[in-house]
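> What follows is each chain in one-letter form.
2 protein chains.
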Amino acid sequence: MKKLLFITAVLFLFLTAQSQQKLMGFTDANAAKQLDWEKQFDALIKASNQDEWMKFLSSHPHHVGSPQDKANAEYMANLFRSWGYQTEIESYYPLFPTPKTRVLEIVGDKTYKPKLQESAIPGDKTTGQYSEQLPSYNAYSADGDVTAELVFVNRGVPADYEELARMGVDVKGKIVIAKYGGSWRGIKPKVAYEHGAIGCIIYSDPADDGYVQGDVYPEGAFRPKDGVQRGSVMDMPVYPGDPLTPDAGATKDAKRLDRKDAITIMKIPVLPISYADAQPLLQLLKGQVVPPSWRGGLPVTYHVGPSVEKVHLKLEFNWDLKQLYNVIAKMPGSELPDEWVIRGNHHDGWVNGAGDPLSGMVAELEEARAISELVKKGYKPKRTIVFCAWDGEEPALLGSTEWAEDHQQELKQKAVVYINSDGNGRGFVYAEGSHTFEPFFNEIANDVTDPQTHVTIKERRYAHSIVSADAANRNKLLGNKNIKLGALGAGSDYSSFLQHLGIASMDIGFGGEDPGGEYHSIYDSYDLFTKFKDPGFEYGVALSKTAGRITMRLAGADILPINFNSFYKTVNGYLDEVRTLLENTRSQTETDNKMIKEKLFVLAHDPTKTYVPPAIKGLVPFLNFSDLENAMVQLRDASAEFEKLYDKATQLSADKENQLNDILYKAERSLINPDGLPRRSWYKHEIYAPGYYTGYGVKTLPGIREAIEQRNWKEAQDNIEIVAKIIKAYTDRVNAAVALLK
Amino acid sequence: MKKLLFITAVLFLFLTAQSQQKLMGFTDANAAKQLDWEKQFDALIKASNQDEWMKFLSSHPHHVGSPQDKANAEYMANLFRSWGYQTEIESYYPLFPTPKTRVLEIVGDKTYKPKLQESAIPGDKTTGQYSEQLPSYNAYSADGDVTAELVFVNRGVPADYEELARMGVDVKGKIVIAKYGGSWRGIKPKVAYEHGAIGCIIYSDPADDGYVQGDVYPEGAFRPKDGVQRGSVMDMPVYPGDPLTPDAGATKDAKRLDRKDAITIMKIPVLPISYADAQPLLQLLKGQVVPPSWRGGLPVTYHVGPSVEKVHLKLEFNWDLKQLYNVIAKMPGSELPDEWVIRGNHHDGWVNGAGDPLSGMVAELEEARAISELVKKGYKPKRTIVFCAWDGEEPALLGSTEWAEDHQQELKQKAVVYINSDGNGRGFVYAEGSHTFEPFFNEIANDVTDPQTHVTIKERRYAHSIVSADAANRNKLLGNKNIKLGALGAGSDYSSFLQHLGIASMDIGFGGEDPGGEYHSIYDSYDLFTKFKDPGFEYGVALSKTAGRITMRLAGADILPINFNSFYKTVNGYLDEVRTLLENTRSQTETDNKMIKEKLFVLAHDPTKTYVPPAIKGLVPFLNFSDLENAMVQLRDASAEFEKLYDKATQLSADKENQLNDILYKAERSLINPDGLPRRSWYKHEIYAPGYYTGYGVKTLPGIREAIEQRNWKEAQDNIEIVAKIIKAYTDRVNAAVALLK
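Order-wise, the sequence lines are chains F and B.
As numbered in our numbering, residues 10 to 751 make up the first sequence, in order.
As numbered in our numbering, residues 10 to 751 make up the second sequence, in order.
Since the hints were made in silico from the structure, they are not lab data.
Among the clues, some could well be false.
The list cannot tell twin chains apart, which means a pair is met if one copy fits it or any two copies do.
Below, in silico cross-link-like pairs of lysine to aspartate or glutamate (EDC-like), each with a Cα-Cα straight-line distance of 20 Å or less [stated by the list, open to error]:
1. 751 with 741
2. 485 with 599
3. 490 with 415
4. 423 with 97
5. 540 with 636
6. 578 with 267
7. 295 with 228
8. 295 with 224
9. 485 with 607
10. 657 with 172
11. 485 with 592
12. 421 with 224
13. 540 with 615
14. 423 with 152
15. 386 with 636
This structure is a prediction, so every number in the text was calculated from the model and none was measured.
Chain F extracted, bound-state conformation:
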C-alpha cells in the first residue's frame, strides 16, 4: 500500500511538471500565460480565410508593375489596417526589364516553330489570361541578337565546362543550351559568358519536373510540355535588389548607377523555354553522347554538340523603372517597442503565383489577423511585431532589399529577428536559420501538431529524416530528434536582413508531399494549388501556427531564447568541413597528378573519341588554421558558460534584462565584416552566404570555403584570419552576456 502511494505521488509530481511546461527565456508564470495565448491563437487560425485571400490575390497575374500587384498590396494593407496594425505601403522604384522582342529560330529551318507560349488548361480558371501574363523570359538578361552553333552544357555549372573541355568542346562564340536545376538559374548564363558563349537558352527538362517525375497538369502537378520557368538571371550572388542602387533604397530620388555600370545585369541574352520547344534544338546537336549524369528525360539521344545548323536568338527588353508596393504593418510592443520581431513573405508572383508566394503570404495574413484578435482580448506582446508583404521578390528580392537598405540604420538598432516564409505545401516542416535559434525552433516544433498524422511536426519530421536516410545510416540517427537548422543561402527575402545587416533570421515552411512542375509558370494557379499542393489549406494552417508561434514567443520572451552553443557547434562543424575540403583537395590533386603523369586517363579513354586530359595542378599548401581554432575554443567555453547560466537570466533586474536582450540580439551583428566578402562586398556575413557559383546553394564560412574551391590559397589564409577575428568579436559579446549573468 505504501509503495502504491509513493508511485501515485511520483505520478502526480510528474503530471504537474508536465502541465507546467517550461519555455526558453520565460519565467514560469509568463510561460503559462504565453502558452495560454498560443492555445487561443491556434484556435483562431482558419483555413477558410487563407482560401478566400488566395482566391482573390491569385485571380490575375500580379507581377511587378501589373495592376493586380498594386491591387493586392492595397487589399492586404486594408486588411492589416482593419485589424488594427499601423500600416503603410512603402514604394521603391527599381529597374525591372520586361520583354519587347523574343526571337528563337533554327537558321534556315522551316519546321521549327517554338511556341514560347504556355497553353491554357481547360478547367483551370486563370491559365488562359494570356493578355495579362508576362511572356516567358529571364529578367535581367541582356538585350542581344546572336546567331551561332548550339552546345549542350548540362546544368551549366563550372564542373560541366571542365567535362566539356575533356571532350574537346569549347563554347566560345557559341550559344549554349542548359537544363534548369543543379544551380540557381543565374549561374548558367554567368558561367556561359565567362567561357565565351554569346547566348544562353535554359529549358525545363521533363526528367526534373515533367512527366518523368509524375503526371503533368491537369492530371497531376508536373510541368506540361509547353510549361516554362520564368525567373531572374540577375547576378544576385554579387548583390540582390535594384541593380542601379546597391546598398541604398531605390527611392524616387535615389542616386542611380548608369545601367551599363550595373554589374549584376547579365552580359549575354538568356531565354527560358519549354521542353517541347527544346526538343528540336537538342536534336540538332552532334558530337559525343553526353555523360550518363547529363541525360534528360526527352526521347532523344542527348549529345554535347556543337550543332551544324546555327540558332538565332534575338531579345530586346523595356528597361523601365517600376513601382514596388511593400506593405509594412506594425503592432507596437508594450514593453520593448524598439525591439522588432519582423515577419515577412513576398506577395508578387511571376504569373498568378498561388503557391509561390501566396501560400506563405496568406498564412502570414492569418497570423496577423489572429494576433489582432488576441490583442482585443488583452494580449500584449512585449516587443513590436512587424508584418511585411514584400513586392518584387521574384525579379531580385527587390522589395525586401530596397526596404532593408533604406532602413538599415534603424534595423541594425531594432531588429531582433527576421522570420521569413515563401511558398508552402503539404508535408514536413523545414527550417533554415541562424543557429543560435536551433533549440528555440525545436521547442516550437514540439508544440505544433501535424494535420495529417496528429503527431507533432517535430515527430513527423524525425520519422521522415530516418526513413529518407540510407538504410545503413538509420541506426545511427535513431533517437536523435533534434531538427538541425539548415544554413541560409539565398532565394528569398531574408538575404538582406541576415547577410547584409547581420540580423538573425529564419526561413520556414512545409513541403515534400507537394511536388510539381508549376514553378514560375502560368500553371501555378489557385486551381492547381488547391487540388495538388495543399488541399484544404491544412499546411497553410500549420505554417500559421508555426510561424505565428515563433513570432509571438520571440515577441513575448523575457529573455530572448538564444543559444550560443548551437551556433558554436554548427560553426565548428563548418570548420571541420573546410579543413576536410582542403585535405581532400590536396589528396585529390596528388592522385590526379599521379594519374595524369602515368597517362591513366588517356589509357582508360576510348581512343576513337576526343579526350583532352586535364593539366597537372599545383600542389595544395597546408594552411594555418590555428588563430581560428584558438578562437573557436574561446567561443566554446563562453557559450557553455552562457548556457549554464541562462536559466538565471529571468531573475535579473528589468534593467539588466534589457541590457542582456540587447547583447543577445545584436550578437549576430558582430558576424558582419564591414568590408564584405571578396569580390562582393554587399555580402558581409562571415558565416553564411549564397555560393558565388551555386547561387541558392549556401556556402558556409564562404570566404574560406570558396577560396579553397577556387584554389586561391592566399585568399583562403587571409579569410581564416578574418573569420578568426569575427569569432573573437562574437565571443566578446557572449562573454559580455556571461558577465551580466554572473
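With chain F's structure known, arrange chain B on it following the hints.
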C-alpha cells in the same frame, strides 16, 4: 670509374634477367622455347580470317534447328579437319520450343497493334531475312492463353515485389510487365509466377539499351524502337541443358522426362517485346507513380498499375526435339595426352549472331589455325588441346551441357581446364574464373598488347579500373595492377564444366568500348558488328592472342600454373562477406523492427497514398563459423607452404611431376559436393554458383549466402559445415602437393 663499371654490370645483369622471362610452371629452358612459340603464334593471327569466317557464319540466321546452324557446324568441322585436328560433330537431341502462336492485345482496343516484328534496316545486308528469322519469343515459356489487368513490376526481382507490397499492389491473377535487366531474364517470370501472376511481358526499355544510352542503329549500335531481345527463360539456376535429360546427355535414345515433369520449363506464358510495343501498355497503367529507381526512358509517366483495361496474351509453341551440332576438334598431347586443355565458344545465334557468339568463335578458330601452323613447324603441346564449338548455348547452354553430361566420367579424369569465350568487342580485357589461375592469368595479360594503345592489356585494364573507380577510392587502388578474376556465375558454356563437374574454368574476352542494344535481335549483324563493335577485328586478334596463349601455355607447362594462395585469399574474402552479410542482416532487422514499432515508416509516408508497412521480422541468430574458420586457417598455411615450394616443382622427376600435375588439376574436383546445393542438386560446386534469384549473377559460397539471404538460419548453419568439410578435403589435396615437393 669503378662505380660506373659496377652500375654497368648491374644493368647488364638486369637486362639479362629481363630477357630471360620466367614463366610459372616452366623450366627456364622450356620457358624460352614456349615464349618463342608464342611469338610465332602472335605473328600468325590474322584479322582477315576472322572477318571472312564471320561474314560466312553470320550470313543467315543460325539458331538451333536452322539450316545455317548445321551448315556452320560443318563449315567449321571442315576447317578444323583441314588444319589437322581430329574432328567430330557430336549431336544431341534436346527439347527446343519455337513459337506457333503469338497474340498480344489490349482487350477491346482498336488502336493497339503491337508489331512483334523487328524492322529491317536499309543498308544492313541481313536484317531483312524475315522468313529465316525466329520470331521474337522467350524459349521455354509455357503455352498459355490469359487475359488480365497489367501490373508493372520494374525488373521483376523479389525486392520489387516487396516494394509493390508496400504500395498495396498484388499481382495475383494479373499479367506483369517487367523491364529487361537487373537480373537474368528467366528470374522475371519465375518470381512473377511465385507471386501468383498468370502471364509475363518483358520489354527492352530505352533507358537500358536504347536511345537513352546512345544513337540507335543504324546511326549507332543501340536498340531501335522495334528491337526485341529474344532469349531463354528456362529455370537454369535449377539446372541448364535439356529439360528432359538432367545430368545425362540428350542422346537419341536417352531416357527422357515427360515434359510436364520438367521443372525448368516456365509455368506461365512469357513474351519479350520492343519498347515501341511496350509504350501503349505502360500508358494503360494506373495507380501510384513508380519509385524513382524504377523509371525507364520512355516519354511517359511510369505507374505501377494495375490497369483498368485487360490485356490478352496467348502463346503456343512447337515442342520439338531438335538436333544439335557440337564440333569437337582435338590435337593430342605429345607427353600427357590424357590431360585435356579445353577451349570453347558457342556457334549458334538467336538470329545472325555476329557479335554473340561469332566474334568469340572466329577468334577461337584463328587460334586453332595458328596452332596448327606451329605444329607444322614442330610445335608439340605436352597436353591435348580440345577446341569446341558448341551448339544450342542460347536456349539453355544445351550443347556444352549435354556434351559435358554425356562425357562426364572421361572429363572428370582428363579435363585440366575449360577456357571459354563468347561475344567479344573493343575495349578492356575481362576475366572470370577459378582463382587458382589468377596469378597465371596476370602473367598472360602482361604478355598481350592492347591494339589501340600499345601498352599491355594488363596496363590498360589497370588504367580503366583506376579511372572508373570513385575519385575517393583511386588513391587506394593506385599501384595495384593485379587483375582480380571475377567469380563465374552463369551465362555461358563454362557452367557444366565448373559447377557440375568441378573443372577449373575461365571465361575471357574484351569489351567496354562496344556498347549497343543489338543483343539477341536481328540487329546483331555482320554490318553492325564491323561498324561499331570491333572494326577491323583488332580485338578479335587480341582475344586470339590471349585465349590462344592461355591454351598453349597450359598445354605446355611442365607444372600446371596453379596458385592455391589466390584461391585461399579469395574464398577468405567471400567468408568475410557472408559474415558481414549476416551482421548487416542482423542490425538491419533490428533497426527495421525498431522503426516499425515506432511507426516511423507510416509517419514518414504520404497519407494520401496507400502504404502497407512491412511486418516485424524474426531476429537474426549468431551462427557458428568456427569449423569453417579453422578449416580456412589450415588452407592458408598449406597454400602458403605450396607457394613457397612451387619453384622447386620443375626439378621433380618426371614421375613425380606427373603425380603433382594430377593433384593440381583435380584439386578443383574436391570443391564439388556430390549432393549438390539445396533445392538444385545439379549445381555441385560449393564456392561458385549462379544466384537462385539473380540468374547470371554469381553467388559465391552459395549454400551459405543464399540461406542467409532467405533467412533460413538452419540451412545456413548446415551449409557452413558442408563448406568447412569441402575446404578440409581441398586442403588435403594441397597438402598432398606439398608432400610431393618436400
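> All hints are to be evaluated individually against the structure, with a verdict given for each.
Results for each hint:
no.	hint	in the structure
1	751 with 741	within (15 Å within a copy, 79 Å between copies)
2	485 with 599	between (33 Å within a copy, 12 Å between copies)
3	490 with 415	neither (41 Å within a copy, 66 Å between copies)
4	423 with 97	within (18 Å within a copy, 99 Å between copies)
5	540 with 636	neither (55 Å within a copy, 63 Å between copies)
6	578 with 267	neither (45 Å within a copy, 73 Å between copies)
7	295 with 228	between (35 Å within a copy, 12 Å between copies)
8	295 with 224	between (31 Å within a copy, 11 Å between copies)
9	485 with 607	between (41 Å within a copy, 16 Å between copies)
10	657 with 172	neither (58 Å within a copy, 53 Å between copies)
11	485 with 592	between (26 Å within a copy, 16 Å between copies)
12	421 with 224	neither (48 Å within a copy, 60 Å between copies)
13	540 with 615	between (51 Å within a copy, 15 Å between copies)
14	423 with 152	neither (42 Å within a copy, 82 Å between copies)
15	386 with 636	neither (54 Å within a copy, 79 Å between copies)
In summary, the structure is inconsistent with hints 3, 5, 6, 10, 12, 14 and 15 from the numbered list given earlier, while agreeing with the others.
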